[in-house]
Each structure stands twice: as C-alpha cells, then as structure tokens.
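Novice: The residues making up each chain are set out below.
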Amino acid sequence: MPGSDSTAHKSKSRRPKYSQFSQQELPAFKLILTPGYVISTFIVVGLIFVPIGLISLFASETVVEIVDRYDNECIPKDFRDNRVEFIKNKQTNKSCTRTFTVPKQMKSPIFIYYQLENFYQNHRRYVKSRSDKQLQSKKNAAHIRECKPMGETDNKDPIIPCGLIAWSLFNDTYGFSVKGKDLKVNKRDIAWGSDKNYKFGADVFPKNFQVGDVGGKSLNSSIPLSEQEDLIVWMRTAALSTFRKLYGKIEDDLQANDVITVVIENNYNTYDFKGTKSLVLSTTSWIGGKNDFLGVTFITIGGICLFLAITFILLYVIKPR
Amino acid sequence: MTRGRIRAKLRRSQLYTFACLRPHVNETEGSVQGCPRVIYCNQPHMHKKRPLKYCTNYISTTKYNFFSYFPKALFEQFNRVANIYFLIAALLSVTPLSPFSPVSMLLPLAIVVGVSMAKEALEDWRRFMQDKEVNARKVSVHVGNGVFSYKPWEKIQVGDIVKVEKDQFFPADLLFLSSSYEDGICYVETMNLDGETNLKVKRAMEATSPLNEDEAFKEFTGTVKCENPNPSLYTFVGNIEYDRELYAIDPSQILLRDSKLRNTAHVYGSVIFTGHDSKVMQNATTSPSKRSGIEKKMDKIIFILFAILVLISLISSIGFAVKINYQTPQWWYLKPKETDVYFNPVKPLVPGLAHLVTALILYGYLIPISLYVSIEIVKFLQAIFINQDISMYDDESGIPAQARTSNLNEELGQVDTILSDKTGTLTCNQMDFLKCSVAGTAYGVSPSEVELAAAKQMAIDLEEQNREIANAKHKNSGSEIELETVITSNDGNDFKRRIKGFNFEDSRLMDGNWLKEPNVDTLLLFFRILAICHTAIPELNEETGNLTYEAESPDEAAFLVAAREFGFEFYRRTQSSVFIRERYPPKGQPVEREFKILNLLDFTSKRKRMSVIVRDEDGQILLLCKGADSIIFDRLSKNGRMYEEATTKHLNEYGEAGLRTLALAYKQLDESEYSAWNSEFQKAKSSIGADREATLEHVSDMMEKDLILVGATAVEDKLQKGVPQCIDKLAQAGLKIWVLTGDKMETAINIGFACSLLRQGMKQICITALNSDSVGKAAKEAVKDNILMQITNASQMIKLERDPHAAYALIIEGKTLAYALEDDMKHHFLGLAVECASVICCRVSPKQKALVTRLVKEGTGKTTLAIGDGANDVGMIQEADIGIGISGVEGMQAVMASDFSIAQFRFLERLLVVHGHWCYKRIAQMVIIKDFPT
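Residue numbers (UniProt numbering), protein chains in the order written: chain A, 1 to 321; chain B, 1 to 934.
Same shape as in the complex, but just chain A (with noise of 0.2 angstroms):
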C-alpha cells in the first residue's frame, strides 16, 4: 500500500510563514517578585486603604438608627403563655403602643422598616410560588401553574396577585406621633422603579386576594398592582432569614431627645414560627445605612499591608538574602 507520492511534491509552498506570534517569539514580560517591588506595594495598599476606611467608619456612624423589638410586648399580659391563639384570634385588640427616645438629631429623610427574624422567604417552596406573567399584565390572569399551592381558590378562581407569597403579605402598621403630633408615613416611592413600571402591571388588580384561607394582609381590589407598594417590596423576596423592608419614610427631622410614640396594629403572625419583628428608623449617608463592615475590612486588610511591608522590610535590612 504505497501512499500517495504526490504530497512530497507540490508542497514546497507548505513552509510555515514566519511571524513572531506563531513562532512563539513575542517579547515576554514575567515578574519577578523583588523585596522593592512586593514592600512598595504593600505600603501603596496599605496607605490607601487605612483612610479608606477611616471615612467610611466615620460615616457609618453618622447613621443614627432606632431598633424596637415588639412581637413579645405587644401580646397582653394574659396571653403571654398562648401567644399563637391571640395572633390568631380576630377578636382580641391587636393595637399596641411603644415609645422610644431619638438619641440623636436624625435629619429627614427617616426611613421606617420592619425586620423579621427567623422568616425564610428564601425557601424555594416559597420563593418560586409567583407567577410574574400574571402580576405584569391583565390578560395573563389564569397564569396560576407557578402559583402552588396558592394559585386558585377553593372555587377554582384563579387568585390574583397568586402564590404564597403575596398571600403572606406583611400586615402590620404604625403610626407615629412626636409630642402628640402625628407624624406623616410616607408610603410612596418605596418600591423600585422598574419593579413598579415594568414587572407589575398598571391594569392588574387584586381578585380573590385572601378570600377563604387568610394569610397577611388584603389589598384594595380597586388600587392596580403597581401601585400596591407594600406589595411589590415584599413580593421582593429576602435572601436571608433575617431581613429588614421598607415600610414608609417620615420626612420631617427629629430633633434629640424627642419621644416618638409608635401605634402598632400587631397582626402578623410570627409567633409559630418562633420569629421576632422589629420596627426600624434610620436615616442614612454616602454609603447607606448604618454598616460598620466595610470601614472595619479597609482598615484590616490595609493595617495587614502596612504590617507585611513593615516585617519585610526589617527583614530586609536585618537579614538580607
């Protein structure tokens, strides 16, 4: 079996054409990490990131920030040992009131959130019982699939807004009043832009919201989804058991020393559950709310450069290679 003799011939033109690319010739750069290099760029770190964290510890603490605990004090006394039969009583007076000292001047705008422990809205049960088609347009009402178990009611009507989500809607209030004045809550813009322009739909309104089994709070069935802002923050699900949404802001200041009465209506049942709620005020800066973390982790990691570049370099002049 010879093989074919013609290869051997017409292939004079089959030199590789020479380039510095294909010949794997181009300049190489490798750095050679030299006691010079490595110290000075543990000291530029360092010197940059110590003042940064600096500023941004420093404008943590600007932040003033109020945190009340009231799911245990707002059950009366006599069912202190039967916490989940009150919450679960539509008798029983739910109101509550609470009052707390601002510590300091918290300028407007305050923003009011409520924070629930122990809440695993990341569950995927729970998280995946949504259906975005229906909550972005009419025409996709019956679009339940997604919804289990809360898609339809007993009736087979199909819910809107559907799932368990929406249906465990977050269904306490405050009321805030400074001095016996009351404080105006503004609800609006609270939720995002898009969430409210794009993913909830203007011509949606609630049907058969908690119609037979009652999970959180009902919704106006004549007010659109889009403007259902509580709806669209908590429809927003937490990634973590533990988590704060914005309930309102109050957009006046307050001034130190002020006792702020809060009028609660405790509907929310955390109490199976073993959770806590917590009401929330806090004003903000440049870098949000009030967080520690991000000053603390420039000023480690900067301090560790500093002290690196510090060792080599005695270790440099001491005992040098």
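Zero decoy hints are in this set.
Cross-link-like lysine-lysine pairs, in silico, DSSO-like; alpha carbons within 30 angstroms at most:
#, chain 1, residue 1, chain 2, residue 2
1, A, 274, A, 77
2, B, 323, A, 245
3, A, 156, A, 199
4, B, 744, B, 815
5, A, 274, B, 337
6, B, 155, B, 48
7, A, 90, B, 335
8, A, 128, B, 347
9, B, 323, A, 88
10, B, 337, A, 128
11, B, 119, A, 17
12, A, 196, A, 138
13, B, 335, A, 148
14, B, 729, A, 30
15, A, 156, B, 335
16, B, 335, A, 88
Chain A is faced by these chain B residues, among others (derived, beta-carbon under 10 angstroms):
#, residue
17, 327
18, 334
19, 390
20, 393
These are computed hints drawn from the structure, not numbers from a lab. As the structure is a prediction and not an experimental result, all values here were calculated from the model. Just so you know, even glycine gets a beta-carbon here, dropped at the ideal spot from N, CA and C.
Following the hints, position chain B against chain A.
Specialist: Just chain B now, with coordinates in the frame of chain A:
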C-alpha cells in the same frame, strides 16, 4: 512449456547453493495434523461453500461502518467519565427536579461530543477511502482454460491463481508457483512488512516452477494443507499435494501481501490467505483511541469531585429532610399541609430524595464542564503552534511538522521511553563506502558521522574551557568561537556526495593512483574481491547509461559502486561468469575480463561470511572470501597473517567510528585440490536428508581455511541528519531510547554505535535463543529455560555490579523476543531491560514491535513514544502512548496512524523538549486556574 524460449538470463540455482535445489522431503506427511486449512489450488469454486469458504480479499481498516458509527462513536465518547457525568446531569436537568434550565447543561455537552465525533468521522472516512483504493487495485487472475484477466483485489478468492507483474504488490498471501525465471525465483521487496528496502529472494517449488506460462494453468490443480492464519511473518507450516506427490512448503515459498515484486517480469501464485487472514492484516492492530495522562488524571479528579459532590448533596438533603420534618410544619407561610413530592413534612424521606437529585444538579458546577471545552480549544491552538513551527520544517522535502491529533500535546512533555525504528528513521537506509585498509595501510580520509559528532563535542568542550578561563567580560570572544563552530558544522552538513553509496576520499587510490602504491598486487586483489565476491545483478539504467546494482543488502551495492569508482566495473553476470571492466588510467582503454564462477558459498547469519571460487582468464583458481573479521581471522593461514596486526588496529578504529566492517581474504587453489573438494561438495549438495545442510556447511568449512588476509572495508550506514546529537540530547534529558529494528543483529549493533546509543566500554548483554527449529514442546521448553537463565544471569550481573558508572546495553533478537514476550517471562525481561541504558531489538516483526511497546507501556506505567516511518511501524505507533510518523519517503501509513508527524528524526528533540514542555506546563496551569473557582 517451451524450454527454448528466451527467458530470464540467469539460472540462479548455482548462485544459491544453500537455498536452492532442496530435494523434496517426503517425511512431512506426519505433520499434517497441524494443518487444518485446506486449499484447492486453481479450483476457487471449491471455496464457495462452507467449511472451505474463507474470508474474502476485501479489507477494511475502518473503525466504524455506516450503521455502527453512531452507537460506536457515541460509546467511545461516553467512555470518558466526564462525558458520562455530564450526560446524566443533562438528562436530570430536563426533569422538573432541576433548579435551572437544561440548555446550560446540554449545549456545552453537545459541542464537546459533537466536535470529537466529527473528527472521528473524518479520520475514519480517510481510512475508508484508502481501503477503497486498495480494494479496487487490479490484478490478473486465472479465469479458466489458461486465460488470465484483470480483477479487482477484493474479488480474489482463496484457490485463485494470480499473475503478478513487475513492481506490483501481491494482493494476498500467495504460494509461489513459478516465475518468469526458469528456475523459479523472484525478488521481493518487503518494505511494508519489515521496513527493509533491500530485495529478498523467494523461490518456487521445484515441482511447480516449470508452470511459467498462462497456458500451463489450464490443467493445474493442487491441494494445499496449511496452518491457520497467524501473524508470524517468518514461519509457515504446510504442504502441497501435486501430481500425487506431497511436497513441504517452507516460508520462502510464500509471497506476502503488501510486499512488492521486483526485478522479475511476473510470477504465478496460488492464493492461500486472503484479506484479513493474510499475515500483514493479522499483524495489523486496531487503532486505539489514545488519551493523554492529564485527561486520565482529570478523570480521577472528577471521581473525587463527584464523591465530594455526592457527599455535599447527601448532607444537604439530610438537612433538608430533618428541617422539613421538625421545623416546616410551623412555617405557615409555606402552607405545610398541602404537600407534594418536593415538600412533605409528614414523610420527609420523599422530598429528601428529590432534594438529593436537585442538589446534585445544583452543585454540579463543582465539576467543571467548561474546563473540558477550554482544554479542547487550548489544545487545538497548541496544535496550530506545532504545525506552524518553522524550526520543525524540513526544507528539503518541504514538509512541516503536523499534529494530527491534538489530544496528546501535553503528553509530549512527559515521555519516558522512546521506541524507535531504525531504517528510515535513524538511518537513511543508504550505505556509503567510506574507508578501507589494504595490506596493512589505511585509506580513506573522510570522517564518519560519529567522528564528526565527536569532533564537534570536543570543540564545544574546548569552548567551555575557554569560557571558564576568560571571564564574563570577554563575551565577544565567546560568541566568536560559537560562530566558528557553527560555520564548520554547516560545512560538514552541506558536503555533497557526488555518487550515491560512495563517500571515499583518498588521492592515493583514486583516479588510478593506486598503481603507484607499494602494494599494487594486494590492491588489485582487493578491488577484484570487491567486484566479484557478491550476489548482485547489474541493471542498466537506460536513460543515463549508468549501471545500478540490485543487491541483497545495501552494503554489497556500496562495494560494487566503490569497485566501479576504483576502475573495476562489474557490468554483466551470466549463469556461470562475472564480467568486469578493468580500467588502468595510463592506457585509458578498459579491459574486459571474465571470471568463471565455479562455486558460490552463500552468506548466512550463522556463517557470517561468503565466498566465491572463480577461475580467472589465466586458468588460475581463486577462492575469494569476505566476512566478519573475527571469522576471517580464525581462518587465516600462517603466512596469511602478514597484515593481521595492522588490520585489526584499523578495524577497531573503524568500529569506534561507527562503521560496518568486513574483512577480505583470498586463497589460491590447485586444480587437483579444487576438483577433489568440488566432487565432495557436489555430493553434499545433491544429498537428501536432514543433515544435508550440516554436510554442506562442513564441506564449505573445509574449503574456507588457510586464507590470506587482504584487507578490510568500512561502510557507513548513513545516519539521518542530526540523529546522534538529537539522541544525545534526549538521553541527557533522561529519556530512554529503545531501537526496534527488522535488521540483522550486527547491523543493529553498528547503528547503535553510530548514533551514540552504544558506546565503547558499555557492557553488551546479548540474549539469543538456542538454534533449534524443532517444533516439539520439549525443545521449546528447553529454549525458554535457556533464555530465562540468560535473563536472570544478566540481571544478577547488573545487581552485583559495583561501579556506579557501568552502563549496560541489552541486545535481543526477534526469535528470542518471541519467548521473552510470553506471559510468564516478560516481566523478567522488562526488569532486565529497564536496568539497561540502551535496548536494541533486532529481527522483530511488526507485531512484536507493538508487543514490546505494550510491554514497556504497561510494565513501567510510564509514557512511551514510538517513532517510525514505514508500514511495519504502524502497530507500534498505534500501541504507544504517542505515535510519531516520519513523513519521509516510505509511504504514508506510518503518518496516517500517527499522532504527530515530523519530517526528520532530529525534530523530535524540539517537539519533545520545547513543545511538549510548553504544552504540558500551560495545560497544567490552565487546569489549576480553571479549577480554582470551583
């Protein structure tokens, strides 16, 4: 049978005293029981039905056919652990259990598998086209009534009589019936079988050799009984019943498929083994799919990762089940009373299991499919770099290096053992007459390859010394020296030979100057021995008018060319005479002389010498002999040892220079002495019986003694460019190099020296089998025990060696290897071989090459690389972890079967040391970097 017709000019039977005229042995009837295959020659219709229906001559070397491609190629792909895993993952991701969309799993898998399968398909298609071409070749077949007509190869059946013409390949294994030569010989080139390019003589049976015409096959019938198909190229057991007589068939009467008919107008043969039954095809090994070490290692890593994955998933699903059981009943916002498969606080086991599957998919990113895609892409690019490397491009043949499979790039960097073919790979298969020693005087000044290399090495050493002396300041002088050496080496390489086979340079002998030398008579005799003592045939090249010589071995041809250049041109051979044209320059006119050949004592590897007895024009009878020096020196007469000392010295020098040496001697005979011997010789020749050969040998022995030493020759087996340096560098890099060759042991050892595989001072361990052709079981056992003893002795010797610098070379021959490769012995053999610095296996068949490769690969567990150029290397190329084909002159099979192809052996160094290293390092780094995120 027109005997008066002009046929081939020679009756060769007189030249081949040992081989021919063998009387038919009738005692073989007893051995029929070992011959289950029955063939009715010239009666192909008998083979249409079972049980005599044998396989057709259609061959197929493809891995797949149209229907089996999909299942088989898919199976091949899913042999990879990773692919299987990804397939399962992809299938699971289609189910509702999946936490994300299935496309992200299916698409990469489809790409990876699809590309590999397409590559397979393309390669197989190429093989198919090659098979098709082979199957469609035409050969002349007897169709009845003495008429021959052309048929494609695939239509040939067992029992057919085929007529093969000059320079055609044999279509199947044939029983040689007759040839255009009257005495039924033919010449065969077996390059595709053993890589040797010299011609081999085959001869038909005495009984059938008169059947050398188309007409003669009208009535011819015969019954062959023979062994079943087997891969052994050098054995054949069988007999033929013809004219109610039984004749034994020996291996030299078998013409093997894929060898080529040369120098013979046509031959007739009866088809014995067809298609896949033929010896060549039996030697073929199916091309396995090769996988690189990194891939195998990655498979293991993936197993580990998979175990981790399962563990993580198990933990998470147990946690899930526990949580579902104890906590979620209180989580009213999940509506725990409305259960389904995935959520059921009452029966936590069911959702736990479902979650296990989900978790497996979810955490599946632990196993990086993207890594596989990236590796494929990177390897593809690396292959392009290899193809584009300008320093692996051969200017002469215009062939660049080619990475034919990109799977094994990084494997190149991890090679431990190189198994190399010799002919065509290390050597050019060309002999050059380089030096000679006549009457104790050494002639010939041109240096051999080895000497050049040594000189260069010395120059480099010198330069290094200089550098040490001169400080780093004198950089300029250093580079100057370098420049100089480069220039000199180029000079050496660019030296062009005017005549092929002749590289002799010495003004004392050339152009008739030898007449002025003191030992004119001895010189004359020397040249005559060169010109007369051989078995070659001259062939006139009609275009150029030059003579070329068809010799059994290339060194014989080199001798004849040398003789011609010295002025003794051998130009004609008749049945009884050799004609020499002698030219003495002063006169200018050549003198034609006839030497009558009285007897020819053939060369065998056992005798290691050949002689002719001639009568010159003056009626004087001369015995001219050439042979291995040790043999000749033993047979010198007392007064014939005049030059022994000087010649021995020269021979040692030549040996060190890596040259192949032969000693020449002669003896004058009286008429009476000769006739007395001749009658005895003729008697021995015509004797019948098993001891015939021994008698013949004994008689020859009697004649070949009391010789007078004339001189010695040194022939260089031309190495390919840069081979010794390359081997040296590879050895420095810690690679072991084995040479597997189909050549004779002497040749192989010589080449070992030439390419610095063997060095002076190395201890050679030769392992040879007791010479026994007997088939009996006991004899086999004895041979085996003997070999085992040799091996253990040698191992013992190495163990006891105290000198840490002692190097050993193992030399083993094909027949011995056959025993050494048997299951119970191969580990002893391997153990010994691994201890040796170099290993040379001679006379090995293609199958044995593959077996040795497998033994090394599996025995040592290290990466092996096989390099070869001919069809006989295909097995080993396929078997080794990496197969490299030399895309040179010897056809394309080796290249087709290889993973990489380069044009010259010396490129191996760059391929391994540079590309292999880079590819390995880069791939390894990429795997680490890509694995890091997961």
